[in-house]
Amino acid sequence: MTKDLFKNRYQVIRIIIVSFALIFILRLFYLQVLSTKYVTLANNNAIKELDVYPTRGMIYDRNGELIVFNEAIYDLMVTPYETKKAKGFDTLKMCELLSITKEEVLDRFEKMKKQKGYVRIPNVFAKQLSLKDYSRLQEYMYLFPGFYGQVRTIRKYPHRVAATILGDIGEVDDKQIEKSNGYYKPGDYVGKSGVEKVYEKELGGKRGKKLSFFDVNGRDVGSFGGGEFDTLAISGDNVVATLNIKLQEYAEKLMQNKKGSIVAIEPSTGEILALVSSPGYDPNLLCGAVRGKNFNALLTDSLLPLYSRPTLATYPPGSSFKPIVALIALQEGVQGVDYGYPCNQAYNASGVIVHCSHPHPSPTNLQYALAQSCNPYFCQTFRNSLEKNAGMSTAQAYDKWVKICNSFGLGMKTGIDLPSEVRGNIPTVNYFNKIYGEDRWKFATIISLGIGQGEVLTTPLQMANIFACISNLGYWITPHIVKRITDPVTNKDVTHQYEKHIALIDKEHFVPVIEGLFQVVEMGTAKSARVEGITMCGKTGTAQNPHGDNHSMFAGFAPKDAPKIAIAVVVENGGYGSTYAAPIASLLVEKYLNDTISAKRIDMEKRMIEANLLSKYGVKTNKSAGMAVGGEE
Amino acid sequence: MRKQESLTDKIDWLTVILYAILAIFGWFIIYSASSGGTEKSIFDSSIPSGKQFQWMIACVVVAFIILLLDSRLYVTLSYPILVAVLLLVISVMFIGVSIHNQKNWIRIGSFTMQPSEFAKFGVSLALAKFMSGLSVDIRKWKDKWKAALFIVVPMGIVLIQGDAGSAIVFLALSLVLFREGLESYFLIIGASVVVLGIFALIISKYILVGVLLSIALIVIYFSRRNKKMIWYLLGIWLLASGYIFSVDYAFNKMKPHQQDRINVLLGRQVQEGKDWNIKQSIIAIGSGGIIGKGYLQGTQTKLKFVPEQSTDFIFSSLGEEFGFLGSAFIILLFVGLFFRLLFLAERQRSKFSRVYGYCVACILFFHFLINVGMVIGVAPVIGIPLPFISYGGSALLSFTVLLFIFIRLDTQRFDMMR
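Chains as they are written, first to last, in our numbering: chain A, 130 to 762; chain B, 31 to 448.
No lab work stands behind these hints, which were simulated from the structure alone.
Keep in mind that a hint or two might mislead.
Said to hold, decoys possible - In the DSSO-like style, the derived pairs of lysine-lysine whose C-alpha atoms are separated by at most 30 Å in a straight line are:
| hint | chain 1 | residue 1 | chain 2 | residue 2 |
| --- | --- | --- | --- | --- |
| 1 | B | K257 | A | K214 |
| 2 | B | K285 | A | K216 |
| 3 | B | K309 | A | K339 |
| 4 | A | K339 | A | K231 |
| 5 | A | K214 | B | K258 |
| 6 | A | K375 | A | K243 |
| 7 | B | K285 | B | K258 |
| 8 | A | K563 | A | K542 |
| 9 | A | K213 | B | K309 |
| 10 | B | K70 | A | K214 |
| 11 | B | K81 | B | K309 |
Claimed, not checked - Stretches of chain A that chain B covers, calculated by requiring three or more beta carbons in the stretch to come under 8 Å of a beta carbon on chain B:
| hint | region |
| --- | --- |
| 12 | 157-164 |
| 13 | 404-416 |
| 14 | 711-722 |
To be verified - From the structure, some residues in chain B lie toward chain A, with a derived Cβ separation under 7 Å:
| hint | residue |
| --- | --- |
| 15 | Q330 |
| 16 | L333 |
| 17 | L399 |
All residues carry an ideal CB built from backbone N, CA and C; glycine is no exception.
Here chain B stands alone, though its shape is the one from the complex (with noise of 0.2 Å):
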């Protein structure tokens, strides 16, 4: 019965609307940071919103292309698709121009575009089908190495080439694995190294490794009669121990401007003008007030204190002219689209279309993490797109094919069986 459906009542529409919806709200605001004020229209290509404008055209063109390929191609392209999007982001390392003193652009008639970007849903098939495979099990050693290779190959390719920002962001498939089964433990020591890496930045290493020996001190005492668990407390404490100081030491071999980056974070004093653009993205945020200046009125952004202001930073701009209210309100259409994401391929028969909705998911979520904590100042600065709200032809192109690929895979998901 459901063969008399046609394409249009398959779509789920419900995230057309809040890509369509994110992306419009992105490009007002693209123009109210890069050009506010002035008397250009909107739509003219010489500044940023007008060609913002021109690749969302571009990006309903595809979008539609999309819909229209049988999405079984993608699951049968999905290794040539990785090769050579790989092959492209080495080929930046050549033939690649300089942006910002970033190697990270390719130049194509007028455009540029970031073939980085387009890695992620290269990875994200190329996983997705490795996992789709029929003995595939994530809680084996053997899986979890083939599937770790497909991660982190493509993410050191990236980051070889120079962008590792978005090389982060494919840690992100991590999440993908965990819901594929890999052991929480993997999940729980990834949070470990992240927090305990923190708290050794901020806090002495000395009393870090103190408490943390109190801790296994009192939980032995507890659990005395096991023997065993005594030395694994023992261990996990020990290892625990040398992954502090060597963090010390991670960080000293870190980049100057890495560092200043942490130090930032952490409150940390810095070189003066070294926080210049968190302290001002801070300040553009903070000045908005509850329901903000209002669209055009933002003087921080109009007077273009914040740098990276249409781009990367573009959150503080919305901050700034929307208030707590319009900033709260994208988060939350964000949390939205990720929940709908989530509840997709938690929906589909194929595992395929599973890991590669929770691939998106994942992406996006991470992207979103990255750049909103980067901005409101409780995330390092990395520099990263906000999805789909963001100034760049390539950020936008590549989230979109991320994104409806997806959507096409759903609506076939009652013809797919894997």
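For reference, chain A alone in the conformation it holds in the complex (with noise of 0.2 Å):
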């Protein structure tokens, strides 16, 4: 017998044993006590941090009543890595539920492509689905690993009217994200325009993390740590708007197939009652999965619906702009209320001739003037303003002048908490220098300011604020939509202070200026608007417009004495001021004053309402029939 390397063969058995037991025993020592990275890929396996969004604050209007709200709905989120890793999804169950081709599928992966590290990070795989759509998914979710739903909000406009105030929110753009130090992913909501856009701070509250659990399917199985180390979202705060929506609803609903604006403000506060720009849409349009097609729809048609007319579109004032003239003469005192000119129809300025709109006695002092708006008055007013100015050029005069209408607010911006407005233009000496030449320009040269018509533009929200500042005797508060914002858990409010800001005209001069506006409604141009009972003062302007009809503008105050409500209307089109605008501006502030409409006017109203102006802008049907709202069963 071979001499043997083991004579004890039951040794040699033990020994391989032990041997065997020692190695493992020191692998286990090295994976669970000597290296520390398995607890943190165990981690990683299983809990994720969850973005939990805040719910967003909510609009209310002047009185209370809801007028923007959230509901809720589901984004189909995806990881790829995780589906890849549980070697895919059942593509057939997900075509069915969603509805789409499985190319759709294919086409929804490429495109997350797009973002860097895409495989490892949740994506955005089917937007918005209503609970409904979800809740039939979720039942199937273990069919789809590596998806998860996430619970979003969409905004919800019950009034279905504002759309341009009130705004739209939409996903966040790369500019954004970039500015937000990373606070906003893509895919995030943000306001994109109007109130959402300028509170979104307020509104938008801070998004919370959760730390949750996932299986290996991708199935959220509850939260980590006993939600120890989650934040919570909060909340965004309520917004309270100034605006009254049943007004708001009136003054849309008499703008139906017109393009125009309506601004109506309270002229103590600079709160905005109402802001209409016609033609509307139904901001329940941009919500949801409709958004994007109807936006399209929205930004294609030829009336420009997204346009915010009151703070955006600039008229020349015409005859509304007479009051500021006669003030302007007032206070520098080139001429008295007792002033006369004779009117003879027409004003012959040096070879320029101003006509007036209708024949009228010559008016033998201010307020009637104001009354009968008439034009060769407010020439040689404005002429005496520049010419008569005691120790001051032309040029010297017109700066002061200018310099008052700038105190009006008019040839700048108000301030309005609307994200766009432009500022309207009232000329300067330095324009017209360039333009004529330093002395080179006199009264005649720029005859046609003293009636509102040539270079000086103003907005809808220019026009109301100027007679708000009128009926203030002097002095206006700049306007706003949003008179103070709610927290919604602590319930304290936060309002802000707005600028007061003052005309440069002294007090007493108002108060002849406010009799003449009076007597326009009373029996001048604009008696059709008279309301028995409310003393209204306003004044009709009739644009001129080289591209058509000309504009019909209206804009007033009421009641005379106790101003409740200053409002500005612009009929596109719609001919003289007494046509359109001013009855319209007098069924608004009848219907915001006495809440109702008496008898006697219901069949103006009735006019008013059912006045079609498209075939004016050449529009044979109101396009935003077809669109459809998301979301409605």
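Two independent chains are provided; combine them into the complex using the hints.
Below is the structure:
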């Protein structure tokens, strides 16, 4: 027998067993005691950080009526790595549940690839599923590893009005993401226009984080550490708007099938009571999954429904501007209230002839001139302001004139809390110097300014604002849409203090002008707008329009002695101010002050509501009728 | 004087207790791994732990019956039992059902069983019977061949039937032959084949051949007076080199999933996802730390990150929930069981009982070795259960039968002369 290396086989086998057991224990010691990375890896496996989206603040009108709220929807998210890891998902079932084709599924995955590192982060696979669709999907979630639903909300507008003021929310764009220092992520929703945009910070709230356990199929199976490491989402603040939603609804109804604007302000506070841009649209059109399609339709609509006319459209104010011309003349002492001037149906300024719009007796004082909107009278008044101002050259006097106009908020932004606003225009001395050369222009060159034509341009908001200023006898508060902001948890209010602007006109000069404006409605050009029992002051305007029929305008306020509402109405291509603008303004004032329209004026109300000027804009039917609102049953 | 002792006095209770601890511990982990966190009770027969409980009861009954039967029955019936079991394995190929794409199962009523599990005890009995033959001497080539047939033929049948994992376990029986006198160089060659094979896959074949040549030359230098040794060593070196090159060839002939398993083990880059099982298993174990996350608290276990959690990968749940202390304790329990079995085998008077005892110890050891090695990432992924702990009725029952026949043989060790 050959010599054997291992004499005691029993021992050899025991040594083999012990050696392997030792290897195993050492290996376990390395894995479980020495290495720390496995705890992290395990947590990465199972724990994921989820965004908790805050509830966006709601918006109420001035009377506490809810005008914007939230509705829950679901985004279907997918983390491609997890889907791959689990060897794919049931594509057919997914197609069936979402009613999409297989190609679309592939296409959606293809689109995700644009984002860096998309494989390991949750991507939006299907957006804004309704609760009904989502609950159906959830039953089959086990077939779709790597998918999960994320609840979000969309805005709902029960009153379907005030779209351009309230604004809309949409996906955050790249610029905002960059500027936000990592707060916003692609796919987040932010205010895109109107109040939603301006008050994004308040309405948006603050996103929270939630750590959750996810099983191998990507299902959320419960919170990590009992929520100890989660941060709560902080709900957005509620916003109380200055709007009177009933008035807004009524105003939009009156403006249907007409292009134009309405601005109503509470003079004492600068609060916007109604702000109409017509044609408007149902704000629900821009919510949820239908947003993209509808947005394009609205964008290409020839009537520009997305354009916020009250703050962006400018018109020559026409005769509505005459009270300002009168006030400046009184302030500068170039003529008195009792100043008379013969009408003669025309005014000849060194060969430039300005006609009067209608025959009327020659005015013997300012009030009558205002009431009859006499063009020659105000040409002369403007001339007096430029030429009779003691110790001033025409240019100096005009410079003063411009400054006073500016103090009414003309030719400058009013500062309203909406995302975009234009200045309008009050041409400056420099402007005319540039065109005509210094001292090469005089009163006759710029005569049309005296009757609100020519270079002077105002927005409907500015028009309403100057009448608010007049009614206040010389001051105006920055017009604004938001009354106060309320923290939904603490119920604490934040009220912004708005600036008080003083017009450069002494208080006493307003009294005669207001009297004149009262007569405009009582017996002058706007008597069609007279309302029994309401002392309304105002001024019609007919802005010349080189592209078609003149724009019908009216601006005014009521009641005369304790003004509660200042209003400006523009109906594009509506002709005379007395045709549409004045009646519409009077209806709104009556509705606002009396809450009802008197029986005598029902016919007029009906006429105004039914008036259809669309043919003048080259449109045959109402285009927005074909659009669908998301989530409607 | 021993004749007065009752059966219960003769039973080796230490083995029975180790067995019971492992099975009950396994049962608890099965509950955690398959249904942890659900409201269902551990006895609920709709979940694995409930089914395992039923199997455990069946095992108690079977163990009881085995202990009551005269152990000479097994000696007498060992060849017929082997034939019967092998026929059952072959029948699987025709009437079997697939579970996890493996057609290893026969359905009996609502239960399924895996005949290949029972082949082990059939072979063990037959090998013991053969080895205990009066004139059998494993050092004789004639008997070597015969013994090899007892191992290779059933192994081949199980392999053809498709259960490669179970087939590998038959190699454990070579340790039994070693105990019975097989020359040491078989063991050395066997170990060298495994070690060289692994090296051949890890490092360059040429370097390996070079290193071996250097070692051979150094040894030759020191024993240069022994001319015979020079030729021996050179011959061995040539054989080893040939083997090294053929490993690569054999590796390339393997099925892709088998190649992947070896690649994963060697830490080579594999297609993403192929190493998922083993990675997750190691993460689960590693995250357990020293004392573990606590029973039913394992996140990786609960969230099903580790596949085959309650069967082949059950050790990872154990590692996650009971930590280093728990898993080391179980390893020590196993080592204790193996040592006890070897001790019992050595004290047998009959060769049959001793050989059979060694078979039991070596088969259990191989299962333990391959399973735990796989789960902690030091052995390739070969799907075989961890004895007594893994979920699975056939496995538990076959291990129980295997073990209790030996316990019964041990109780009658004074009655059996050979």
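Verification of the hints:
1. K257/B <-> K214/A: Status violated; Cα separation ~61 Å.
2. K285/B <-> K216/A: Distance ~20 Å between K285/B and K216/A Cα, so the pair holds.
3. K309/B <-> K339/A: Given pair K309/B, K339/A holds - Cα atoms ~27 Å apart, limit 30 Å.
4. K339/A <-> K231/A: violated (33 Å)
5. K214/A <-> K258/B: violated (59 Å)
6. K375/A <-> K243/A: violated (47 Å)
7. K285/B <-> K258/B: violated (42 Å)
8. K563/A <-> K542/A: holds (24 Å)
9. K213/A <-> K309/B: Between K213/A and K309/B the Cα gap is close to 16 Å, so the pair holds against 30 Å.
10. K70/B <-> K214/A: Holds, because 29 Å separates the two Cα atoms, which is no more than 30 Å.
11. K81/B <-> K309/B: holds (29 Å)
12. 157-164: With 6 residues close enough to chain B, the hint holds.
13. 404-416: violated (count 0)
14. 711-722: violated (count 0)
15. Q330: holds (5 Å)
16. L333: holds (4 Å)
17. L399: holds (6 Å)
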